[in-house]
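**Student:** Sequence:
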Amino acid sequence: MDSSTSQQRKTGPRACLTCAKAKARCIPCSNPLKCERCERLNKQCIKQVPAPPRLRREPRNTSMAVTRESNVAYTEL
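For the sequence shown, position 17 (counting from the first letter as 1) is numbered 17 according to UniProt numbering, and the numbering increases by one without interruption.
The set of hints was computed from the structure by calculation and includes no laboratory data. Idealized CB from N, CA, C, for every residue including glycine. Take the hints with a grain of salt, since some may be wrong.
Stated by the list, open to error - Taking lysine-lysine and the DSSO-like style, the derived pairs with C-alpha atoms no more than 27 Å apart in a straight line are: (1) 47 / 21; (2) 21 / 34; (3) 43 / 21; (4) 43 / 23; (5) 23 / 47; (6) 47 / 34; (7) 34 / 23.
What the hints assert, rightly or not - Listed next, with one range per pair, are the computed distances between beta-carbon atoms: (8) 29 / 57: 39 to 45 Å; (9) 21 / 57: 27 to 33 Å; (10) 61 / 21: 40 to 46 Å; (11) 32 / 60: 44 to 50 Å.
Work the whole structure out from these sequences, hints included.
**Tutor:** What follows is the structure, given as structure tokens:
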């Protein structure tokens with residue numbers, strides 16, 4: 001991937017609402033306000049706003065050593 005491709009992916013979804021609902025590819029056309037599909041079907045072409053980035057959760061400690069130690073302590077009681 002070159003730098004221009006990675007910059008495009010960071011901008012969020014490129015499909016308009018009409019194409020996204022139809023799960024169709026949104027291809028821009030000569031008209032800067034509409035995509036090819038909306039132009040052909042005479043639909044309103046509304047660009048989507050990208051969703052905010054999701055927060056990353058801290059990974060849980062699922063080590064077998066911790067699990068075994070808790071089981072041993074529980075069985076000794």
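**Student:** Please name the hints from earlier in the document that this structure breaks, with their numbers sorted from lowest to highest.
**Tutor:** none
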